[in-house]
Amino acid sequence: MSRARRLPEPTRPLPPAAPAGNGAHPTLTLVQGNEACARGALAAGCRFFAGYPISPSSEIAELMARELPGCGGVFLQMEDEMASLGAVLGASLGGARAMTATSGPGFSLMQEHLGYASLAEIPCVVVDVMRGGPSTGLPTLPAQGDVMQAQWGSHGDRAAVVLAPGGVAEMLELTRVAFELAERLRTPVVVLADEVIAHMREGMRLPDASQAPPPPRPGPAQPPGPAFAPYRPNAAGVAELPAFGRGYRFHVTGLMHDERGRPTSDPVVAAALLDRLERKVAPAVDLVPADTYRLADARVVLVAYGITARIARAAVDALRDQGVPAGLWRPRLLWPVPEQAMAQALAGAELVVVAEMNRGQWAREVDRVLGPGVPSAPCLKAGGSVITAEELTQHVLGARARTVAP
Amino acid sequence: MTAAAAPRSLILAGVGGQGVLLASNVVAQVCLDAGLDVKKSEVHGMSQRGGTVVSHIRFGPTVHSVTVEPHTADWVVAFEWAEGLRCLGLLGPGGTAFISRERWVPPSALDDRRGGHVAYPLDQVVPEQVVPVDTFTIAAEAAAAKAAVAQTVMLGVLSRQLEFPADAWTAAIERWAPAKSVPDNLLAFERGRRWEAPRAGTLPRVAPAPAVGPPAEPPPAPVVTIEAAWCKGCEICVAVCPERCLVMDAHDIAVFAHPERCTGCRLCSWLCPDLAIDVAAAAAAPVPA
Amino acid sequence: MNTEKRLLRPDMMPHMLCPGCGHGIVFEAMLRVLDRRFATLDQVVFVAGIGCSSRIVGYIDAGTLHTTHGRPLTFATGLKMARPELTVIVVTGDGDGLSIGGNHLIHAARRNVDLTCLLFNNEVYGMTGGQAAPTTVRGAYTSTTPGGNRETPFDAARLAEAAGATFVARAQSYRPQLFEGILEQALDHRGFAFLEVLTDCTEYFGRTNRLGTGVDLLQSQSRAEPAIGVDLAARPTLRPVAETAVRPTLPMGVFHQSRRPTLAEALGVGGGGDELAR
Chain B
19 MSRARRLPEP TRPLPPAAPA GNGAHPTLTL VQGNEACARG ALAAGCRFFA
69 GYPISPSSEI AELMARELPG CGGVFLQMED EMASLGAVLG ASLGGARAMT
119 ATSGPGFSLM QEHLGYASLA EIPCVVVDVM RGGPSTGLPT LPAQGDVMQA
169 QWGSHGDRAA VVLAPGGVAE MLELTRVAFE LAERLRTPVV VLADEVIAHM
219 REGMRLPDAS QAPPPPRPGP AQPPGPAFAP YRPNAAGVAE LPAFGRGYRF
269 HVTGLMHDER GRPTSDPVVA AALLDRLERK VAPAVDLVPA DTYRLADARV
319 VLVAYGITAR IARAAVDALR DQGVPAGLWR PRLLWPVPEQ AMAQALAGAE
369 LVVVAEMNRG QWAREVDRVL GPGVPSAPCL KAGGSVITAE ELTQHVLGAR
419 ARTVAP
Chain S
2 MTAAAAPRSL ILAGVGGQGV LLASNVVAQV CLDAGLDVKK SEVHGMSQRG
52 GTVVSHIRFG PTVHSVTVEP HTADWVVAFE WAEGLRCLGL LGPGGTAFIS
102 RERWVPPSAL DDRRGGHVAY PLDQVVPEQV VPVDTFTIAA EAAAAKAAVA
152 QTVMLGVLSR QLEFPADAWT AAIERWAPAK SVPDNLLAFE RGRRWEAPRA
202 GTLPRVAPAP AVGPPAEPPP APVVTIEAAW CKGCEICVAV CPERCLVMDA
252 HDIAVFAHPE RCTGCRLCSW LCPDLAIDVA AAAAAPVPA
Chain L
2 MNTEKRLLRP DMMPHMLCPG CGHGIVFEAM LRVLDRRFAT LDQVVFVAGI
52 GCSSRIVGYI DAGTLHTTHG RPLTFATGLK MARPELTVIV VTGDGDGLSI
102 GGNHLIHAAR RNVDLTCLLF NNEVYGMTGG QAAPTTVRGA YTSTTPGGNR
152 ETPFDAARLA EAAGATFVAR AQSYRPQLFE GILEQALDHR GFAFLEVLTD
202 CTEYFGRTNR LGTGVDLLQS QSRAEPAIGV DLAARPTLRP VAETAVRPTL
252 PMGVFHQSRR PTLAEALGVG GGGDELAR
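Residue numbers (this note's numbering), protein chains in the order written: chain B, 19 to 424; chain S, 2 to 290; chain L, 2 to 279.
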């Protein structure tokens, strides 16, 4: 009992986010998750932030408000979340790397512009620090209830890219990755954090602040002119919109459009566009590989992300101590679902347990990939408290007793 | 009632914008200051720029009627040539008409707006009683050489015909003219008062050549083109064209049916919601405000 | 071809507006102003929301951003902060800018974002079929006020001025020349320039209220009083909106102009323009 209640180990340290400058050894700094997120954004070249205060994400905005003016950036506190993401998209179309941060209720308000950014192919980063819902719900308590919203919250079939950091250091790293993906795939990328990680403080290496930001977003290969087609995809299926006012004149719209950006109601063109938007984000699954823990010989595989994955590691250790060959598969990319990697990781498992702080949002995706052959027993908990390692351990033991032949 | 005590009659005429009413106020003020009874009426049915403005002034020890009956006026003072000629019917047998050679062609006198042909009484023989006054030439040395104060040149000319002292006139001008134009007006008045009218009988009895005559060749017709594919048939152009140049065809598309009437005013183009009408550059006619 | 038409995307024409729609008149007048001011529209970005008026930006050969319903000012704010050197013109309608986007309008005015906001006010939601708008006068029939509108409309110009817009004006489609002059002033203004343009919806508002054709609607606009050359120092107060089914007689002209730091100036965002992009 006491063993199960001990604090979970910190995640294994990530490789340094940036090479240390001037040969000096970077030292560990005690950093809050939200702060790490902001530091990651700044290191990724984010120079525009527009947001609206909301717990538990506000520290990201507060830090950006302090830091951006000093590095030539702009911080705006907008009138609401719709305006925040609107301003972010406007800044991005001006060529800036831009982001916003919010929590569930604000994320709901941003859905319209998330859909817009996806269809219009405007890079940006949206951080959603999940709290208990629905509605105002539990403003200061943790949850993982926005997983489906992050993919399906907008109307229509949006090809989402959603990252799930598993610790403070990864808040920084995955925010940087989010910018890289957004810029490369020209699409909004969501960092789906949770209240625990956002408000947790851990020792980590901060990137060298004096490092030069990444180069500007490259323009399209096509020359400007009457024949310019902003939405003609490159070899990777990505439309490389130029920034406004850089010699190109073009139309951006949330209507279905052809390669020239002209609105169209042609179902063939529209279907092809939706298809391309889905295909273009597919490489994300290779760019953001999952993390594993004691998985190699595991027959009972726990699947968890975010703070729940941290807890699941403790459960894996506890289960191993009791002779259960448990392991953890921790996706860092929730959408698009890394189906191949998941199938590979779960191949040979005799029991799969998805642990998440909701009523089974990602567990459905796992079950879908897994198919009916493998027993699955999700450990779900919604209502504002984390799943403890003890709860998860007991859940796995119970499920194993029911499903796995002795 | 003696002849001397009989009221005297003055007609001031011009077109809107020339300051007829201001001038008539000055005359009336001078009369009042001299202790005379004075009555003044104004006929300005078309008060906008270019419309006819006529003021009747009668003054004397006692005045009952304000209206100057035909063939009774002692003076006609006109700031515009055609307006002056139009008022000659009011002039009495012994009267004199001082008429400026200025020409303001009112819209109603244009019988061909595109070509600018004017039905304008230029070719008439000038009656004996008319003294043409080159207001612009007289005022030329002054900054007063502009329409707004050319009227006071005519007041200066008129003042020589009346018994009132020059001081009375300048005081009235100072009182009625807009403050910033008082110096110009006083200068113009002075020039007009000093001007020596040609002796009767020495004048050529033919109208002066117009300062600006109608062009020998009418300007090229404006070219109105209608992008039929863009026209949605709202008929706004047909309704707003002052010359009725446009009609709708059988397919409800606007057609430029009467190019010969077009003045190039561009109203059709400006008010076309479909961006379908182009008007190629041509002499722009006055546009209704 | 009239020179302003060089600024069109020819393959997009003819436009989608209804016969007699006042938006088209204002659109071409806007093009004439742009034609006089800009050799090319490379450095001009039009940002529009959703609705009939917002669709016109798609016909302009410039940077054109057709955003979401009610939110063009938010995109424009971000764009202007990222690229202060660009000329940003927001095209919005009375539903887009005053109803769903009313909050963004007052905040953009408050921030004094350096842009020109053109609000086409035709008193009705045209694109969705003629529903009541927050500008619909009392008594007017629309598809959602079958018994006549019982609500009281906004006076957009007074709203913008109260919210802090540093340039507030009103024009109308009936007098495109007056509109052009005011738009020139608005584009010259540094700060948030709000220009409401009264236009007519013939197909929905005009028909439903039996106000006649596009010609009749245009002529009814002639009752409005242009207050050209308003003495800015005198700051005339706007007249209250009369409550009749027909659009009240509203004054035209520039009602307010003042100078205070723009958002970019307040934040110290430089005029060099591309710091954020680097």
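Just so you know, the hints here were simulated from the structure itself, not pulled from any lab data. For each residue, glycine too, the CB sits at the ideal point set by N, CA and C. One or more of the hints may lead you astray.
What the hints assert, rightly or not - Examples of chain L residues lying across from chain B (beta carbon under 10 Å, computed):
# : residue
1 : Val58
2 : Leu80
3 : Arg111
4 : Ala163
5 : Arg261
6 : Pro262
As the list claims (entries may be wrong) - Looking from chain L toward chain B, a few residues come up when the C-beta cut is under 8 Å (computed):
#  : residue
7  : Met13
8  : Pro15
9  : His67
10 : Gln220
As the list claims (entries may be wrong) - Label-pair restraints from in silico Cβ distances:
#  : chain 1 : residue 1 : chain 2 : residue 2 : range
11 : L       : Glu152    : B       : Pro241    : 30 to 40 Å
12 : B       : Gln95     : L       : Gly271    : 14 to 24 Å
13 : L       : Pro262    : B       : Gly90     : 15 to 25 Å
14 : S       : Asp253    : L       : Glu152    : 33 to 43 Å
15 : B       : Asp175    : L       : Thr153    : 58 to 68 Å
16 : L       : Gln178    : S       : Asp253    : 42 to 52 Å
17 : B       : Ala288    : L       : Arg111    : 45 to 55 Å
18 : L       : Gly271    : B       : Pro242    : 19 to 29 Å
19 : S       : Ala229    : L       : Arg37     : 25 to 35 Å
20 : B       : Thr158    : L       : Arg37     : 56 to 66 Å
21 : L       : Pro11     : S       : Asp250    : 33 to 43 Å
22 : S       : Asp250    : L       : Arg261    : 32 to 42 Å
Status of each hint after checking the structure:
Taking 10 Å as the C-beta cut-off, the interface hint given for valine 58 of chain L holds, the closest approach to chain B being about 8 Å. Here the hint on leucine 80 of chain L is kept, as its CB sits about 4 Å from the closest CB of chain B, short of 10 Å. Interface restraint check for arginine 111 of chain L: the shortest CB-CB distance to chain B comes to about 9 Å, inside 10 Å, so the restraint holds. With a cut of 10 Å, the hint placing alanine 163 of chain L at the interface with chain B is violated, because the nearest CB-to-CB distance is about 16 Å.
Evaluation of the arginine 261 of chain L hint against chain B yields a violated restraint, the C-beta minimum of about 18 Å exceeding 10 Å. Interface restraint check: proline 262 of chain L against chain B, minimum CB-CB distance 15 Å, threshold 10 Å, status violated. Using the Cβ-Cβ criterion of 8 Å, the hint placing methionine 13 of chain L at the interface with chain B is satisfied: the shortest such distance is roughly 7 Å. A hinted interface residue such as proline 15 of chain L counts as satisfied when its beta carbon comes closer than 8 Å to some beta carbon of chain B; here the least separation is about 14 Å, so the hint is violated.
Because the smallest distance between the Cβ of histidine 67 of chain L and any Cβ of chain B comes to about 4 Å, under 8 Å, the interface hint for this residue holds. Given the 8 Å rule on beta carbons, the hint for glutamine 220 of chain L is violated: about 34 Å separates it from the nearest Cβ of chain B. Distance hint check: the CB atoms of glutamate 152 of chain L and proline 241 of chain B are about 52 Å apart, inconsistent with the given range 30 to 40 Å. Evaluation of the 14 to 24 Å hint for glutamine 95 of chain B and glycine 271 of chain L yields a pass: the beta carbon distance comes to about 21 Å.
Between proline 262 of chain L and glycine 90 of chain B the Cβ separation comes to about 19 Å, which falls inside the hinted range of 15 to 25 Å. Between aspartate 253 of chain S and glutamate 152 of chain L the beta carbons are some 37 Å apart, a value that agrees with the proposed interval 33 to 43 Å. Taking the beta carbon of each, aspartate 175 of chain B and threonine 153 of chain L are about 42 Å apart, not inside 58 to 68 Å as hinted. Taking the beta carbon of each, glutamine 178 of chain L and aspartate 253 of chain S are about 28 Å apart, not inside 42 to 52 Å as hinted.
A hinted range of 45 to 55 Å is violated for the C-beta pair alanine 288 of chain B and arginine 111 of chain L, which are about 39 Å apart. A beta carbon spacing of about 26 Å between glycine 271 of chain L and proline 242 of chain B agrees with the range 19 to 29 Å that was offered as a hint. A C-beta distance of roughly 28 Å is found between alanine 229 of chain S and arginine 37 of chain L, which places it inside the suggested range of 25 to 35 Å. At roughly 57 Å, the beta-carbon separation of threonine 158 of chain B and arginine 37 of chain L lies within the given 56 to 66 Å, and the hint holds.
Against the hinted window of 33 to 43 Å, the Cβ-Cβ separation of proline 11 of chain L and aspartate 250 of chain S comes to about 24 Å, which falls outside the hint. Evaluation of the 32 to 42 Å hint for aspartate 250 of chain S and arginine 261 of chain L yields a failure: the beta carbon distance comes to about 55 Å.
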